[in-house]
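**Q** All residue numbers for the sequence shown refer to my numbering, where the first residue is 83 and numbers rise by one.
Heads up, a few of these hints could be off.
[Said to hold, decoys possible] Listed next, the in silico PhoX-like pairs over lysine-lysine satisfying Cα-Cα at most 20 angstroms (straight line): (1) K181 <-> K168; (2) K202 <-> K164; (3) K235 <-> K274; (4) K112 <-> K274; (5) K162 <-> K181; (6) K162 <-> K146; (7) K202 <-> K162; (8) K168 <-> K112.
No lab work stands behind these hints: they were computed from the structure.
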Amino acid sequence: MAGTLGIFGICLLCAGVHMTSGMTVNIPDKVYKIARGDNVVIPCTFTPSATLSSISWTTDPDVKDEPEINVVGYFTTGSKTKVYNKYKGRANIEVDLQKGTANLQLQSVTSADTRDYECKVQDPDDEEGRLSDKASLVVLVAPSQPICNVVGKAEYFQNIELTCRSEEGTPTPTYKWQSYNVNNVPRPLPLKASEQNGALSLVNISMDTSGYYICTSTNEIRSAKCNVTLRVDPPSLNMASTAGIIGGVVGVAVFVGIIICCCCYCRRRREKAEEYAMRTPEGGEFTDKDPVEKEDDRDEHVNYEEERRVKSADRLDLPDDRSERSYDRRSDYDDRRDHYTDRRDDRSDRRERYDRDDRRDRYDDGREHYDDRRDRYDDRRDHYDDRRDRYDSDRYDSRDRPPSIPPNKPKEPRN
Numbered sequence: 083m084a085g086t087l088g089i090f091g092i093c094l095l096c097a098g099v100h101m102t103s104g105m106t107v108n109i110p111d112k113v114y115k116i117a118r119g120d121n122v123v124i125p126c127t128f129t130p131s132a133t134l135s136s137i138s139w140t141t142d143p144d145v146k147d148e149p150e151i152n153v154v155g156y157f158t159t160g161s162k163t164k165v166y167n168k169y170k171g172r173a174n175i176e177v178d179l180q181k182g183t184a185n186l187q188l189q190s191v192t193s194a195d196t197r198d199y200e201c202k203v204q205d206p207d208d209e210e211g212r213l214s215d216k217a218s219l220v221v222l223v224a225p226s227q228p229i230c231n232v233v234g235k236a237e238y239f240q241n242i243e244l245t246c247r248s249e250e251g252t253p254t255p256t257y258k259w260q261s262y263n264v265n266n267v268p269r270p271l272p273l274k275a276s277e278q279n280g281a282l283s284l285v286n287i288s289m290d291t292s293g294y295y296i297c298t299s300t301n302e303i304r305s306a307k308c309n310v311t312l313r314v315d316p317p318s319l320n321m322a323s324t325a326g327i328i329g330g331v332v333g334v335a336v337f338v339g340i341i342i343c344c345c346c347y348c349r350r351r352r353e354k355a356e357e358y359a360m361r362t363p364e365g366g367e368f369t370d371k372d373p374v375e376k377e378d379d380r381d382e383h384v385n386y387e388e389e390r391r392v393k394s395a396d397r398l399d400l401p402d403d404r405s406e407r408s409y410d411r412r413s414d415y416d417d418r419r420d421h422y423t424d425r426r427d428d429r430s431d432r433r434e435r436y437d438r439d440d441r442r443d444r445y446d447d448g449r450e451h452y453d454d455r456r457d458r459y460d461d462r463r464d465h466y467d468d469r470r471d472r473y474d475s476d477r478y479d480s481r482d483r484p485p486s487i488p489p490n491k492p493k494e495p496r497n
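Use the sequences and the hints to build the structure in full.
**A** Here you go:
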């Protein structure tokens, strides 16, 4: 009997302690991690109570200072479960009042489900207990395929940067670079290289910097990689320098062309001046012909014309008159011959003047320049020779040479 009373007393003591301590709501872990697209269960325990009215799960709002968002609720009256609109079709609550559990179930979680969740128990008769508890849900996202780029000019003695970044990844991925030479053999990164947030900085690069670089993006779920081939070339001229060089070359070419044109123009003027100076005072051009020959040709031609006229007159005049007229004309011919002889002597003097050594030395180049023209005048002289031969043949072909003394010369009177 005494033992029974002792056990009963202990039970009453425990019930009294429970009634004085109040209800306790607890979530075992403070952080729950799950991969995106998976299903998750967040447990919640509480002290059983006969006066419990409802159990609910809520979450933080999308915008701070806005009301919290209701996920799912359980009401003891009628044992009803209510899933709110935003989580319909993918949220549920498992409640066991006897065991004191109310677990939250979420299906196909997304990155938007990463937030804090709170389990609340409503008990009107409990004023001293802890009626709620919180936990964080982290939806993990594997890193997306990172993108590798080269920032800067891959030329000798330049500073460049290799970038690596994944568009997605929760928690935020970490990045690591590895280097391989052109033979695909691993090697350490350059001594002055530095990594920060996926960016690899390379300083004062050279040919030895060329090779393959692999970036690995990693978080708690998995990792992804990208690679870039780096080729370091000798420094090249930029567009501005190239345009400047081309413009300078064109300018020099134009300047040289202008100088050449000016020189050609001056030389041509000098040659024309020399050509003008080489001409004879009468306006004829300088030739190697003997002026005396021209005068002889002219004299012979004039004599031929005069003799023709004399012969014509001899046919019409009387013998005595014709003889006297012939003597008069003969004397006129002699005078003309003397006149032409004087002109020929004058031409000879001019010829000797142009043949002076100083003038000949001065125009040696000019005479060489006119070799072709001399040939042309030689052809003309040959033409004149042909004409003279023709005149001679015409004069002496069918006629005898006129006597030096006319046959009808009057005899000298006898004393």
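**Q** Is the hinted pair K162 and K146 satisfied, with a Cα-Cα distance of at most 20 angstroms?
**A** 31 angstroms, violated
**Q** Is it true that the CA of K235 sits at most 20 angstroms from the CA of K274?
**A** 18 angstroms, holds
**Q** Given the hinted pair K202 and K164, is their Cα-Cα distance within 20 angstroms?
**A** It holds: about 14 angstroms lies between the C-alpha atoms, which stays within 20 angstroms.
**Q** Are the Cα atoms of K181 and K168 separated by 20 angstroms or less?
**A** 29 angstroms, violated
**Q** Is K112 within 20 angstroms of K274, Cα to Cα?
**A** 43 angstroms, violated
**Q** Quickly compare the C-alpha distance for K162 and K181 to 20 angstroms and report which way the hint goes.
**A** 18 angstroms, holds
**Q** Is K202 within 20 angstroms of K162, Cα to Cα?
**A** 16 angstroms, holds
**Q** For the pair supplied as a hint, K168 and K112, confirm whether the alpha-carbon distance does not exceed 20 angstroms.
**A** Violated, because 24 angstroms separates the two Cα atoms, which is more than 20 angstroms.
Violation of the numbered hints given earlier is confined to hints 1, 4, 6 and 8; the remaining hints are satisfied by the structure.
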